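Novice: Given next are the chains, with one letter for each unit.
2 protein chains.
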Amino acid sequence: MVCGVANEKGEWLAKLTIPTKHPQETMPEIIAFFEEQQIDSLGIGSFGPLDLVKGSSTYGSLASTPKKGWPGYSLLGAFAHLNIPISITTDVNGAALAEAAVGAAKGLDSCVYITVGTGIGAGAVVNGTILEGLSHPEMGHIPVVRHKDDRYEGNCPYHGDCLEGLAAGPAIQGRWGKAGVELAEVSEVWEMEAYYLAQAIATYTYVLSPKRVILGGGVMKQRHLYPLIRQALATQINGYVKIGDLEEYVVPPGLGDDAGLTGAVLLAKQALVQKGLKSTNL
Amino acid sequence: MVCGVANEKGEWLAKLTIPTKHPQETMPEIIAFFEEQQIDSLGIGSFGPLDLVKGSSTYGSLASTPKKGWPGYSLLGAFAHLNIPISITTDVNGAALAEAAVGAAKGLDSCVYITVGTGIGAGAVVNGTILEGLSHPEMGHIPVVRHKDDRYEGNCPYHGDCLEGLAAGPAIQGRWGKAGVELAEVSEVWEMEAYYLAQAIATYTYVLSPKRVILGGGVMKQRHLYPLIRQALATQINGYVKIGDLEEYVVPPGLGDDAGLTGAVLLAKQALVQKGLKSTNL
Numbered sequence: 284m285v286c287g288v289a290n291e292k293g294e295w296l297a298k299l300t301i302p303t304k305h306p307q308e309t310m311p312e313i314i315a316f317f318e319e320q321q322i323d324s325l326g327i328g329s330f331g332p333l334d335l336v337k338g339s340s341t342y343g344s345l346a347s348t349p350k351k352g353w354p355g356y357s358l359l360g361a362f363a364h365l366n367i368p369i370s371i372t373t374d375v376n377g378a379a380l381a382e383a384a385v386g387a388a389k390g391l392d393s394c395v396y397i398t399v400g401t402g403i404g405a406g407a408v409v410n411g412t413i414l415e416g417l418s419h420p421e422m423g424h425i426p427v428v429r430h431k432d433d434r435y436e437g438n439c440p441y442h443g444d445c446l447e448g449l450a451a452g453p454a455i456q457g458r459w460g461k462a463g464v465e466l467a468e469v470s471e472v473w474e475m476e477a478y479y480l481a482q483a484i485a486t487y488t489y490v491l492s493p494k495r496v497i498l499g500g501g502v503m504k505q506r507h508l509y510p511l512i513r514q515a516l517a518t519q520i521n522g523y524v525k526i527g528d529l530e531e532y533v534v535p536p537g538l539g540d541d542a543g544l545t546g547a548v549l550l551a552k553q554a555l556v557q558k559g560l561k562s563t564n565l
Numbered sequence: 284m285v286c287g288v289a290n291e292k293g294e295w296l297a298k299l300t301i302p303t304k305h306p307q308e309t310m311p312e313i314i315a316f317f318e319e320q321q322i323d324s325l326g327i328g329s330f331g332p333l334d335l336v337k338g339s340s341t342y343g344s345l346a347s348t349p350k351k352g353w354p355g356y357s358l359l360g361a362f363a364h365l366n367i368p369i370s371i372t373t374d375v376n377g378a379a380l381a382e383a384a385v386g387a388a389k390g391l392d393s394c395v396y397i398t399v400g401t402g403i404g405a406g407a408v409v410n411g412t413i414l415e416g417l418s419h420p421e422m423g424h425i426p427v428v429r430h431k432d433d434r435y436e437g438n439c440p441y442h443g444d445c446l447e448g449l450a451a452g453p454a455i456q457g458r459w460g461k462a463g464v465e466l467a468e469v470s471e472v473w474e475m476e477a478y479y480l481a482q483a484i485a486t487y488t489y490v491l492s493p494k495r496v497i498l499g500g501g502v503m504k505q506r507h508l509y510p511l512i513r514q515a516l517a518t519q520i521n522g523y524v525k526i527g528d529l530e531e532y533v534v535p536p537g538l539g540d541d542a543g544l545t546g547a548v549l550l551a552k553q554a555l556v557q558k559g560l561k562s563t564n565l
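Chains H and U are the protein sequences, given in the same order.
Whatever position you read off the first sequence (first residue = 1), add 283 for this note's numbering.
Whatever position you read off the second sequence (first residue = 1), add 283 for this note's numbering.
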């Protein structure tokens with residue numbers, strides 16, 4: 284878990300990085316850090332699934348997650364005694380906000396941020412605002428049309444062969460018997476991976492019409508995936524929607540590992556503005 | 284084409300309905316109607332695809348459409364001489380706006396409006412605002428996983444077996460050799476149709492997390508589709524996201540055939556507000 288404190292100008296005053304263990308172990312340290320720093324507001328970009336249903340009695344709590352001790356844990360509750368404005372969303376929504384503000388989608392009022400690692404998650408900014416509705420998006424779980432040569436059954440416990448079940452890191456490992464990093468030279472692996480990720484981007488494009496798609500996460504360290512994905516995307520969309528230069532449309536993150544923390548600081552600032560305690564333009 | 288003039292209270296002052304022929308035939312009549320009515324602003328909810336790329340020199344023009352004479356036709360240009368604020372979006376975005384304002388999603392700040400007829404189109408409201416980005420969504424063209432018993436090749440000229448290519452009215456006719464209305468009693472037809480539409484709703488749910496999904500259009504006159512779709516949706520989502528009562532989540536339009544026109548009036552009102560000529564809350 285990455286924590287940080289920034290001033291109004293966005294300059295970092297303090298940072299803390301600690302592994303995500305059981306909440307009883309992890310959270311006291313984080314709470315103490317923020318108490319000591321005497322923060323004015325807090326932004327949280329959390330792993331999910333989260334309850335973000337407005338008016339829900341468990342708003343701001345984690346839902347079913349395999350991470351031990353976290354299901355049902357209320358992140359909002361943990362910081363309630365600080366008595367400051369708190370804004371919470373998913374880690375990927377926070378990253379999307381940050382990339383749109385100061386990163387790879389700087390100056391654009393819409394983008395999708397996708398991370399491909401042990402799972403697949405995506406967040407989005409629409410009309411300059413984080414995309415939420417009934418709750419938060421779960422874009423990693425969209426159904427996908429199988430690659431013609433793919434015999435792997437998929438490993439999503441809910442859907443089997445949804446996008447995450449076929450294209451996240453563990454699916455690569457499950458299908459080919461080795462981790463992605465050990466398969467860097469095997470072209471079939473990346474042709475198939477690009478097919479699935481391009482299909483996801485095509486779907487997000489048809490549904491959201493974003494101005495830019497930012498693609499990051501551990502699997503995307505295989506940089507040769509980017510041109511393969513752009514090529515597959517062009518084939519799949521087949522000229523139906525005009526998206527201009529694909530090298531400008533599908534891009535790596537601009538903020539690298541800082542996107543999450545930067546997004547959280549922007550959320551903290553928004554929380555102050557929403558409470559009328561601050562009028563600064565974001 | 285359905286045209287209407289309303290006053291500030293939303294009361295209808297005049298209406299005009301004429302068939303969509305060649306623009307040289309259709310448009311002069313529409314322009315004369317609005318000139319005579321001396322309107323203060325205009326809202327357009329148009330069939331697509333439209334160029335809605337802000338800053339594009341062909342903003343507000345129709346793109347490639349099979350409708351004769353319309354490709355490249357500028358709807359904005361046709362009304363430019365009226366010298367009034369004009370707001371334009373897709374017909375389905377306009378309908379989504381209307382349903383969220385006064386229809387089946389009244390009081391909600393997000394919804395998806397899907398129409399299933401000769402094509403499949405969808406619009407959405409996100410955070411109270413119409414969903415646009417690079418341009419407008421094209422949700423009817425998402426890729427879909429084929430039904431296990433479906434051997435029909437699909438009829439989308441761009442993608443073959445995308446959602447529209449497999450589930451719009453012409454696909455039903457193409458697959459089963461008869462129009463949907465003649466197949467009302469054949470359960471396989473509607474089980475397959477429900478499978479595809481539920482898959483689309485699952486995808487829109489994962490990507491947008493809307494508060495309500497409104498499903499209309501000619502094909503949905505087969506009212507027995509609604510329970511079939513809700514059932515298929517529950518099976519496909521498999522408890523992964525909590526969407527509460529499906530009878531409240533997937534619903535028919537509240538405004539019927541009036542959604543488009545009501546949406547256009549709301550757009551016209553928004554155009555005035557945006558120009559600072561009116562401060563009324565919508």
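Just to be clear, a hint being listed does not mean it is correct.
Treat identical chains as interchangeable: a pair holds within one or across any two.
[Unchecked claim] As a list, the in silico SDA-like pairs of lysine to any residue whose alpha-carbon atoms are at most 20 Å apart:
1. K298 x N521
2. K525 x F330
3. K504 x E531
4. K461 x G400
5. K304 x V285
6. K304 x D323
7. K525 x V336
8. K431 x Y523
9. K298 x P354
10. K351 x P306
11. K337 x G500
12. K431 x V336
13. K431 x E319
14. K351 x Y523
15. K337 x T412
16. K298 x G452
17. K504 x Q519
18. K431 x G443
19. K337 x E531
20. K431 x D444
21. K525 x D334
22. K389 x Q321
23. K431 x L359
24. K389 x Y435
25. K298 x G402
Rather than coming from a laboratory, the hints here were simulated on the basis of the structure.
Computed from a predicted structure; not experimentally measured.
Novice: Would you mind marking each hint as holding or not holding in the structure?
Specialist: Going down the list of hints, with the structure as the test:
Proximity of K298 and N521 under a CA criterion of 20 Å is satisfied in neither setting, with 46 Å inside one chain copy and 40 Å between copies. When the C-alpha separation of K525 and F330 is checked against a cutoff of 20 Å, the pair qualifies only between copies, where the shortest distance is 17 Å, while the shortest distance within a copy is 33 Å. Taking the shortest alpha-carbon separations for K504 and E531, only the intra-copy value of 18 Å comes in at or below 20 Å, while the best inter-copy value is 43 Å. In this assembly of identical chains, the alpha carbons of K461 and G400 lie at most 20 Å apart only when taken from the same copy (15 Å versus 47 Å across copies).
Within a single copy, K304 and V285 get their C-alpha atoms as close as 13 Å, which meets the 20 Å cut-off; across copies the closest is 60 Å, which misses it. In this homomeric assembly, K304 and D323 never come within 20 Å of each other (Cα to Cα): the closest approach is 27 Å inside a single copy and 62 Å across copies. Taking identical chains as interchangeable, the C-alpha atoms of K525 and V336 lie at most 20 Å apart only when they sit on different chains, with a minimum of 10 Å there against 35 Å within one chain. Within a single copy, K431 and Y523 get their C-alpha atoms no closer than 23 Å, and across copies no closer than 27 Å, so neither meets the 20 Å cut-off.
Within a single copy, K298 and P354 get their C-alpha atoms no closer than 26 Å, and across copies no closer than 56 Å, so neither meets the 20 Å cut-off. In this assembly of identical chains, K351 and P306 lie within 20 Å of each other by CA distance solely inside one copy; the values are 8 Å within and 64 Å between copies. Within a single copy, K337 and G500 get their C-alpha atoms no closer than 29 Å, and across copies no closer than 31 Å, so neither meets the 20 Å cut-off. In this assembly of identical chains, K431 and V336 lie within 20 Å of each other by CA distance neither inside one copy nor across copies; the values are 39 Å within and 35 Å between.
In the homo-oligomer, the alpha carbons of K431 and E319 never lie at most 20 Å apart, since the shortest distance is 56 Å inside one protomer and 59 Å across protomers. Only between protomers do K351 and Y523 lie at most 20 Å apart by alpha-carbon distance; the minimum there is 19 Å, versus 45 Å within a single protomer. Taking identical chains as interchangeable, the C-alpha atoms of K337 and T412 lie at most 20 Å apart whether they share a chain (16 Å) or sit on different chains (18 Å). In the homo-oligomer, the alpha carbons of K298 and G452 never lie at most 20 Å apart, since the shortest distance is 29 Å inside one protomer and 57 Å across protomers.
In this homomeric assembly, K504 and Q519 never come within 20 Å of each other (Cα to Cα): the closest approach is 24 Å inside a single copy and 32 Å across copies. In this assembly of identical chains, the alpha carbons of K431 and G443 lie at most 20 Å apart whether taken from the same copy (17 Å) or from different copies (16 Å). Taking identical chains as interchangeable, the C-alpha atoms of K337 and E531 lie at most 20 Å apart only when they sit on different chains, with a minimum of 17 Å there against 35 Å within one chain. Taking identical chains as interchangeable, the C-alpha atoms of K431 and D444 lie at most 20 Å apart whether they share a chain (14 Å) or sit on different chains (15 Å).
Taking the closest pair of Cα atoms, K525 and D334 come within 20 Å of each other only across two copies (9 Å); inside a single copy the shortest separation is 36 Å, beyond that limit. For the homomeric pair K389 and Q321, neither the shortest alpha-carbon distance inside one copy (30 Å) nor that between copies (42 Å) is at most 20 Å. In this assembly of identical chains, the alpha carbons of K431 and L359 never lie at most 20 Å apart, being 45 Å within a copy and 45 Å across copies at closest. For the homomeric pair K389 and Y435, neither the shortest alpha-carbon distance inside one copy (38 Å) nor that between copies (44 Å) is at most 20 Å.
Taking identical chains as interchangeable, the C-alpha atoms of K298 and G402 are never at most 20 Å apart, the minima being 26 Å within one chain and 53 Å between chains.
Checked against the numbered hints above, the structure violates hints 1, 6, 8, 9, 11, 12, 13, 16, 17, 22, 23, 24 and 25; every other hint is satisfied.
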